[in-house]
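Q: Each chain is listed here by its residues.
Number of protein chains: 2
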Amino acid sequence: MSANTVLLDFSLDPARINDEVSRKDIVKLCKESLEKYLPGVKITYDMLTTDGYLCMLSDAATIVTIRFFLQGLITINIEYYRQDGEEPKISFENMKSLENGLRIRLEAKRSKHLPPIKRGSNVDVYLTSSDERVIEYDIDRVLFDKRSEFQKIQIVHSKSLGNMLVLDELQNIAEADLIYTETLMRRGVEEYAGKEICILGGGDGALLYELLKEKPKHVVMLEIDEMVMQACNKYMNSICGDVLEKRKDDHYEIIVGDCMSYLNKYIKEGRQFDYVFGDLTDIPISDTPTGEMWDFIRLIQESSFKVLKPDGKFMTHGNGVSCPESLEMYEQQLNKLTPKVTYTKCTAFVPSFMEEWVFYQVQRQNTDDAASV
Amino acid sequence: MSANTVLLDFSLDPARINDEVSRKDIVKLCKESLEKYLPGVKITYDMLTTDGYLCMLSDAATIVTIRFFLQGLITINIEYYRQDGEEPKISFENMKSLENGLRIRLEAKRSKHLPPIKRGSNVDVYLTSSDERVIEYDIDRVLFDKRSEFQKIQIVHSKSLGNMLVLDELQNIAEADLIYTETLMRRGVEEYAGKEICILGGGDGALLYELLKEKPKHVVMLEIDEMVMQACNKYMNSICGDVLEKRKDDHYEIIVGDCMSYLNKYIKEGRQFDYVFGDLTDIPISDTPTGEMWDFIRLIQESSFKVLKPDGKFMTHGNGVSCPESLEMYEQQLNKLTPKVTYTKCTAFVPSFMEEWVFYQVQRQNTDDAASV
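From first to last, the protein sequence lines stand for chains A and B. Residues 1 to 373, numbered by our numbering, are exactly what the first sequence covers, in order. Residues 1001 to 1373, numbered by our numbering, are exactly what the second sequence covers, in order.
Hints should not be assumed to be uniformly reliable.
Said to hold, decoys possible - Okay, derived cross-link-like pairs now, DMTMM-like style, lysine to aspartate or glutamate, Cα gap no bigger than 20 Å in a straight line:
| hint | chain 1 | residue 1 | chain 2 | residue 2 |
| --- | --- | --- | --- | --- |
| 1 | B | K1159 | A | E356 |
| 2 | A | K152 | B | E1107 |
| 3 | B | K1112 | A | D25 |
| 4 | B | K1118 | A | D295 |
| 5 | B | K1109 | A | E149 |
| 6 | B | K1112 | A | E169 |
| 7 | A | K268 | A | E356 |
Everything labelled a hint here was simulated from the structure, so no lab data went into it.
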């Protein structure tokens, strides 16, 4: 049950759009083609715009706007309400015929139609990539949908990805995303056996679950949002096992609280780790590295190095490779850190993100060299 | 340079949409919110529809349609032409503010906005999944764009996926898709050393290139479209090496021609293979297994088994897991094949498809059992 918005467009010689006679012909051709699928459709309104012309057609339930842009483009938007189980007014195959037929009749240089955009349905299937691209997911069920003190928490089911955690409309992790966790921890490259580890965030439990398989001495996980853990414990067991259910054993402990206050506590106590994982919010996509979020990222990293052993590593996720500006800004921040650090990075295609993601491994600079002088 | 269509929607109590007074208030609120970004916007037209009401606003260059659906939904479409380098009329951040502000003022139960849909630009970034979902790719360049005798061939560059072959608007293979080829051939499971292999299609060269690394005795590849091979040889070397450039050596030969006539020739000659790969067009998504495409698929498979040794295997790709009906239909076709066959299947998430894909391995039924009787 949703409104369907069907978008079509055609590129034409601008001269034909500028000319009133040819414009009338084009409207006539469009109307004739549409009548096949929308019988009784009539022109209800038209107007000149500063960059062309607009014409509206309607059969009283479907609204069609045809817009002429002097730059050489015609856009057609078809919108109507589609009840559950009701066939679309123009099927996928018919949309192809409509597009191809009109392309030929209009002598268009190029044409395009998109699958219907579904609006207002109970299950929201549109999520956005790191660089603000729209992606329609094959989400068919919402399993969990609540707002915690900190964020909007949803667990949805995708046919391709399994259950998926969505926080504040951002895809976070899905059952298909083992590669995310394995790349974040650099499985097979880093040696975790016998090590002391601190996870900042990580409420989905996947990183903790995978790290424990490597036999570390102890992992402490600092997660602020109890509700995320409850939701993941219920719906994401294939990626987090029973770590969120049990909350602690001899080799790990989950602490519900603000990671900054615990980091400060550890700094005061002189507690030291071999690895600190930054598994918090994504680094922001803004033009300048200012604002609360960047301050928070800087603070987190500086505090993390205060609890890291001299050869300890800070491991974190960055952003999509399609956001080079954001990645560069993060790297500039790393270069300004105290103590001086070096970093390596690697990438992996993360299924639920639908993009190639960058992960960072940050270390104090030349600790061995300094020691050997 | 493209027309931008910005889509927003709000779910409201249907009673408020039915009521004329409250409808006028809502239009007023929408107009006030829009004026901030579109100064001078005026109501130019309105009409009652069978399922609600439509109101159009314009500042002479931007057209806004606000539609009320009695089912409890308001859709807002904002459309204007955006020149290259021109800032969007409503930025990403402002869209969030507009949506959140209106959601609160309208007391909406839910709301949503999508990134602007870009229409008529030189680089088409929208492709469709197997189940007709829209996916916006991070395509930034078109490297090759020609129509051959058989299909429209494009090679585009994606920031996440590298160069990508697109045939008739369908994503075919990208540089990031080694997993596709490795799953199709079941690397590490099947043993190709010393084997005789026939590839039907496979014009991108990736399967041939990967198979040759396994030291088969000989591979013959039957591809009909010379232009696809030329394009891939020029732009997809990271996945096909020099196999398309060289065309043959002691261990392989590429034949440009219709695979059916060559299969018939091999049947006549009694030539036999250990493996036949079906790397042709995707299996169709239609409701019934009829039509030319299904006939072709049946014919290809039956002919393939005529050139396969008794224990030979037919290896092919199926469809997305989000198309269970299509997969089921393909499996029904397999069950009807002569000779009787059995099949196994496996899946992999293919980056350029942005979905989990199913691959089939088909063999004659119980050949060993039959022989031992």
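Q: Does each hint fit the structure? Answer for all of them.
A: Verification of the hints:
no.: 1; hint: K1159(B) to E356(A); in the structure: holds, 9 Å
no.: 2; hint: K152(A) to E1107(B); in the structure: holds, 18 Å
no.: 3; hint: K1112(B) to D25(A); in the structure: violated, 37 Å
no.: 4; hint: K1118(B) to D295(A); in the structure: violated, 34 Å
no.: 5; hint: K1109(B) to E149(A); in the structure: holds, 19 Å
no.: 6; hint: K1112(B) to E169(A); in the structure: holds, 10 Å
no.: 7; hint: K268(A) to E356(A); in the structure: violated, 39 Å
Hint compliance for this structure: hints 3, 4 and 7 are not met, and every other hint is.
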